[in-house]
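Novice: All chains should be built: construct the whole structure from the sequences, respecting the hints.
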Amino acid sequence: MGKRRYSSSSGSESSYSDDSNYKKHHRKNEKDSLYEDALNSIPKISMKDYYNKNAEFQYWLRKKKKIYFSDLSTEKGKKYFKKVIKKWNNVELKEKYYEGNIKINNSERSTYKWNISKGSDNETLSNENKYGREKRQNSNEKTKFMTPEEYDILQIEREENNKNRYMKEKQERKKFRKEQKELLDELVPKPTGREAMIDKRKQITAFHRANAEKDYDVEYSDSELMGGDDIRERIRQRDKMNQKREEMKLRKQAELNEKAAAYRKKEEETIKMFRKMAEARFSKQS
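Going by UniProt numbering, the letters in the sequence shown line up with residues 1 to 286, in that order.
Mixed in with the good hints there might be a few duds.
Unchecked claim - The calculated label-pair distances, taken between Cβ atoms and stated as ranges, are:
1) Thr74 <-> Tyr166: 16 to 24 Å
2) Glu99 <-> Ile153: 30 to 38 Å
3) Lys66 <-> Asn90: 53 to 61 Å
4) Asn90 <-> Met167: 21 to 29 Å
5) Lys272 <-> Ser46: 25 to 33 Å
Hints were generated in silico from the structure; no laboratory data involved.
Every residue gets a Cβ at the ideal spot worked out from N, C-alpha and C, and that includes glycine.
Specialist: Given below as structure tokens:
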């Protein structure tokens, strides 16, 4: 009688396990089907869309990376855009990215924040401060409303100006050294012929004599043998760096735990998005 009860319980557990596996398998197939529909319904993008999808790109930079498009170089900007291309084509972005309704506010284009003084504060500003503030405002205003094409041109001009300035300074240093050498030769002419050979031999003889007479029985202090404050400071810095590494490991582990906890929630949101996109696609076809 006891064995029959055990067998009945085991059968119930097996039935529950089969039902659970069936639901998981059905749910996975449904997600895969919706994902395939979403992949087929969205237009794929590439590096050619660097300017066409600039609004979505700037929005992604602010929300995901906490950086501004105007702060990036052309090379860095295109590197980040490659990541957006991959996420876009794999339908890993939120639905708003694919709807084409993203608008970029002026505050999200640049790190500059307007600061308008009130009352008597404006009256106390000196002419120099007023001029400096107006100059900064004009400069930031130009940067803030700059198109991506204009920004690329500005970056190229900056790099070219920096290169020209470096080459000019290099030539000036070379010219200065040459003038100093010529001036020194005029003041103290170099010996030539036999005089030069005699002078060189004297220098070599003096060098060897100095090394021969040098006392190599050097006495070292206790700090040099046992390690002074400088060595102890290096040890302290090394221990401090090791401690920082451990703290970074703990923080990374905590972040991984949070991501694992949020994975199921994100999966549910993804399924809902796929369903919505599939319904919208089928409604258009019908």
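Novice: Now, for every hint given, state plainly whether the structure supports it.
Specialist: Results of checking the hints against the structure:
For the pair threonine 74 and tyrosine 166, the beta carbons lie near 20 Å from each other, so the given range of 16 to 24 Å is met. Checked against the hint of 30 to 38 Å, the C-beta distance between glutamate 99 and isoleucine 153 comes to roughly 31 Å, which is consistent with it. For the hinted restraint 53 to 61 Å between lysine 66 and asparagine 90, the CB-CB distance of approximately 23 Å leaves it violated. Range check, asparagine 90 to methionine 167: about 45 Å between beta-carbon atoms, so the 21 to 29 Å window is missed.
The hint said 25 to 33 Å for the Cβ distance between lysine 272 and serine 46, and at roughly 28 Å that hint holds.
Hints 3, 4 from the list above are not met by this structure, while the remaining hints are.
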